[in-house]
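Asks: Chains as they are written, first to last, in the working numbering: chain V, 1 to 651; chain E, 1001 to 1185; chain F, 2001 to 2162.
To be clear, the hints were calculated from the coordinates, so they are not data collected in a lab.
One should not assume that every hint holds.
Lysine-lysine pairs mimicking DSBU-like chemistry, simulated, CA-CA at most 30 Å apart [to be verified]: (1) F/2030 - V/382; (2) F/2038 - V/510; (3) V/414 - V/555.
Here are the simulated distance ranges between beta carbons [said to hold, decoys possible]: (4) V/309 - F/2113: 32 to 40 Å; (5) V/171 - E/1032: 43 to 51 Å; (6) V/151 - E/1033: 53 to 61 Å.
Cβ coordinates follow ideal geometry from the N, Cα and C atoms, glycine included.
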Amino acid sequence: MIPELGHFALIVALAVAIIQSILPLIGAAKNDVALINMARPAAATQFLFIGLAYAALTHAFIVHDFSVLYVSRHSNLIQPLLYRVSGVWGSHEGSLLLWSLTLSVWTLAVAMFSRKLPDILMARVLSVMGMISVGFLSFMLFTSNPFERLFPVPLDGNELNPLLQDPGLAFHPPMLYMGYVGFSVAFAFAVAALLGGKLDATWARWSRPWTTIAWSFLTFGIALGSWWAYNELGWGGWWFWDPVENASFMPWLVGTALIHSLASTEKRGVFKSWTVLLAILAFSLSLLGTFIVRSGVLVSVHAFATDPDRGVFILIFLCVVVGGSLALYAWRESTVSTTGSFGWFSRETALLLNNVVFLTAAVAVFVGTLYPLVVDALGIGKISVGRPYFDTMFSLLGIPLLLLLGFGPNIRWKGDQFSRIKNPLQLMLLVSVVIGVMLPFMIDGVFKFMTGLGLAAALFVALSTVYSLVVRLRTSSNIPRAYVGMLLAHFGISVFVAGVTMTTTYGLEKDLRMEPGSTYSMSGYDFHFNGVTRVKGENYTAEEASIDIFSDGEKIGELNPQKRAYSGKNSSMTEASIDKGFFRDLYAAMGEPLGGGAWSLRLYYKPLIRWIWLGCIFMSIGGVLAVSDKRYRQTIISKVTRPSVTQNASA
Amino acid sequence: MTASRDSKKSLRRFLPLAIFVVLVGLLAYGLTLDPRRVPSPLIGKPVPVFELPLLDKPGTLSSSDLRGEISLVNAWASWCVACRSEHEIVTELSRSGLIKVYGLNYKDEAGNAKQWLKRLGNPYFVNAVDRDGRVGIEWGVYGTPESFLIDHNGIIRHKVIGPITPSIVSEELVPLIKQIKSEMS
Amino acid sequence: MKILAALCLWGVIWCNAIAAPVTIYKFDSKENEAIFYKLSDELRCLVCQNQNIAESNSELAQDLKQQIYTMLRDGKSEDEIIEFMVERYGDYVLFDPPFKPLTWLLWLGPLMLFFLALVVGMKAIGGHRSEKTNDAQYSSDDAERLDRLKSELNQSSDKDKV
C-alpha cells in the first residue's frame, strides 16, 4: 500500500512540476501576478510530494518490504539499519529519487529565500528548476520506477553490495547531489536572466551565495568519495580518474571558475558573458555526468546497472536542457555586455587567467574521458586513457594555477602596480622554492624535481595567503567573514597540494609473506604479525589479522585488517585497517593464507595523506563562511528594482 | 573592424551550441557501441608460435599444424556458460566440412573438460590444453568463448568475440571463408 | 551487443576489489621491482570495469602480472613488455596512451587550448582598457540610477571588495 502511495506521490509531483514550469513563466512574460505567485506554492507542494515518495521508499527498506523489487535487490533481512536507510540511494532508481528530492529541496530554498528578488525573476528561476524536475520525475516514472513490485514476494532479498556498506559511502551521494544539483540554481538564474534580457551585476550578486554553497557541498561530497575509496577498497588509492569520478570533477572545476567569475561580475561588471556561459556549463556537466553514469557509454567501476535505453532518455533530456539554454545564450548574448574597464595588472586579469586555467583543466578531463569513445566511434582504433594522462595534465596546469593563487588575491581591482607587491611576493616565492627544493633532499638525500615543485607551490600559496591576512589586518581590525572564507579556501588548496605531493612521492607499498610472530620494518615502524583469528560481525564472518605497530620499541598502535565473507553470493571483501595520524597513515590489507598460519599481507606507509581531505574540508568550510557573510547576500540594488518605492524615496 | 568583431561575436555565441551538438551526436552513436569490446590487433598476423598437449590423446598441437587449410580455433572452457550456447553452431561448422575446428581448452580441468565434451558432444578435430592460460595471452584471449579464423597460410583473418551465432556465421565467417578459398586457387 | 554481454569473462565477478590476492614476487633488483609496480599500475585489466591489473582480482590480471614477472626475470625491458602486451591486446591495454598521430589531439589539445585561451584573454583585456560602456540598453531613468549607484558603491572603500 505504502509503495503505491509513494508511486502516486511521484505522479502528483510530476503534475505539480509541470504546472510550476509553465504557468509562472507565462506569468513572467505577461506580468500576470496571479500566475507568478503560483511559483512558490508549487515549489513547496513539489517538495512535499517528492518527500512523501522518498519516505515511502525508505519505509519499504526499513520494514524489509521485499515485494518492492528495488528493495529486494538491495537489502536483506540481516542488513544493518544504517545501510537500509542509505541503501535507498544505493542504485539507479533510488538515486534518481534522491536526485529529485535534492532538487526539490534547492527549489524550495530558492522559493523561501528569494523575498528580495524581483518577482518576475523569481518566477522564471523557479520555472526553470521546475522544468528540470519534470525531466527527472518523468525519467523515473517512465523508465526507472523505484516502486515497481515483485511477485511472488521473496522471503529474503539480495544484500546491498558490501562495498557500499560503509559510513563514508552512506553520506557521499547525498553530499555530492547537494552539490551537483545545487548548480541548477545558478543555471536557473542564468537562464532566467537571459530570458529577461537583463544580465547585470545584481544578477551576479543573487547567484553568488547559491553557487558557493553548492560548490561547498560538491567539494565535500567529492572528498568523502575519495576518503571512502581509500578506506574501503584496500589499495591505498584515493583517486582513480575513473569516468564517473571525472563526471563529478568537471562540474567542480567549472564551478570553481564560476564562483570566481561571479565575483568579478558582481564587483566590477566584467566577464558577464563568460559568467553566464559558465553557469550554464557547470550544470550541463552535472547532467552529462548523470548520463555517463547511467547509460553504459563508458566503462567504469562506479557505473550503475547500465542501460542504453535509459541513456537515450537522458540524452534527449540533455538536448532539451543544455541545447535549449545554449541556444538561448546564442540568441540573447547580445544583450549581455561588459561595463567595466581594467588594467593589465589587476585582479580582473588574475581572475580571467584563473578562468582560463580552470576551463583548460575541465577540458583536459573532458577530453581524456571521452577520447576513447571518439576513437571507437570513428572506428580508428581502441585506446584507454587513464591516470598517467590526467596526472600529467594536472601537474602541468598546477604550476600556473598555484602561481596565480599566490599573486592574485594580493592584486587590487581595476589597476595595480607590480612594484607595490613585488618585494614581499618575490621574497615568498624565493623562500618557497628554496625550501621546496631542499625538503626532498633532507628527507632522503635525493633531489626530486616534481616533488620540490609541488612543495614549493604549496608553500608559496600558504605564505601568500598569510601575507594577505597580515596586510588586511594592518588596514582594519574588522575582517569580513567572506574574506576569511576566501583565505581559508585558498589555504585549503595549499594543504591539499602538499598532501598529494608528499604521499605520491614518499608513499610506500609492500607485499609481504608473514608468519605469526614475525616482524617487518618499514619507514621507522616495526610491524609485528600475531596471526589470524575468526570474528563475527552483524551480517558477516571474517578472518581478522592482528598486527602490532612498534616505534622505537614502544607499541604505538594496532592494525586489524579483515577478510569478510558476507551472506550474499559473490561477496568476500577486504576490509583494510588503518592507523590514522595527522602526519602519516599506516595501512594494512590482507591477501591470502599461504599455509601454516602464514599470510600474504600488504602494508602501506602514507605520509600526509590526511592533508588531502583536510585541504578539501578547508575549501568547503571557506565557502560556507563566505556565504554566511551578510554583506554577501545584501542587495543594495533592491531599491532600484522596486520602482514605486524609489520614485518617492529618491526625490 | 566591425566585421571582424561581429564574426568574433557570432563565434562566441554559437560555438558552445555547436560543440554541444557534436557532443550529442557522439554520445548518441556511443550508445550503440559496446565499450568493453576489445578488437584484436592480431588480424592479418601469423598465428602465435605455440605447442600444447592434447586433451584426449597423446601428442601435441602446434602452430605449424594450422597450415594448409582453413581452420577455426575456438577458445572454450567447461566453466563457461556462454560456450554452451554456441556449441550447436560450432558442431555444425565442424560437420559442414567448410573448415577444420580446433579447440583451445582455456584454463580448465582436463576431467571437467572431457566430461563436458562427453555430455554435449565433441565437435573438435583436436583439442589443445592451455592449462595456465599462457598461450591464451599470446592469442590476446581475455574471455571465453573466442574464436579465430585462420587461413591456409597460418594467418589470423578474423576474431569472433563471444559466442558464435548464426548471423555471425552467415555475415562474417562464410563470406570470408569464400574469399580465402578464392585466394587459395 | 547482447552477444558480447554473454561473453564469459573469466573472473569478471571477482574484479571488484572485494577480495585481494596478494602474490609475493621476488625480484632480482630494485629496478625490476619498480618496473613491475609501474606496469601493474599502467596496464589495464581487460575483463574489468576500468581497473588496472594491480587492483584487479580477476584471473586474467594475475596471469598478466605473472607474465610481466616472467619477462622481467628473463631480462626484458619495460618497453619490450609494453610492446608484448600491445601486440596482443592493442593500445586498449595501456592506461598511458602512446603518443602517436591518433593521440596527438589528446596530448596536445588541452595545452593548445590553454595558449589559445590566453591569447583570447589577453585580447579581451586589451579591449577592456578603453572605457567601454554599453548603456544604450538602459533607459535614461535607469542610467541615472545606475550613475548614482556607481558613486554609492565607489564610496564604500576598496577594502570592502573582497
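Asks: Run every hint past the structure and note whether it holds.
Replies: Right, here's what the structure says about each hint:
The straight-line distance between the Cα atoms of residue 2030 of chain F and residue 382 of chain V is roughly 33 Å, outside the 30 Å bound, and the hint therefore fails. Taking the CA atoms of residue 2038 of chain F and residue 510 of chain V, the gap is near 14 Å; set against the 30 Å cutoff, the hint holds. Only pairs whose Cα atoms come within 30 Å are accepted, and residue 414 of chain V paired with residue 555 of chain V is rejected, the gap being roughly 59 Å. Evaluation of the 32 to 40 Å hint for residue 309 of chain V and residue 2113 of chain F yields a pass: the beta carbon distance comes to about 35 Å.
Checked against the hint of 43 to 51 Å, the pair residue 171 of chain V and residue 1032 of chain E fails, with Cβ atoms roughly 37 Å apart. Roughly 36 Å separates the CB atoms of residue 151 of chain V and residue 1033 of chain E, a value that falls outside the hinted 53 to 61 Å.
Hints 1, 3, 5 and 6 from the list above are not met by this structure, while the remaining hints are.
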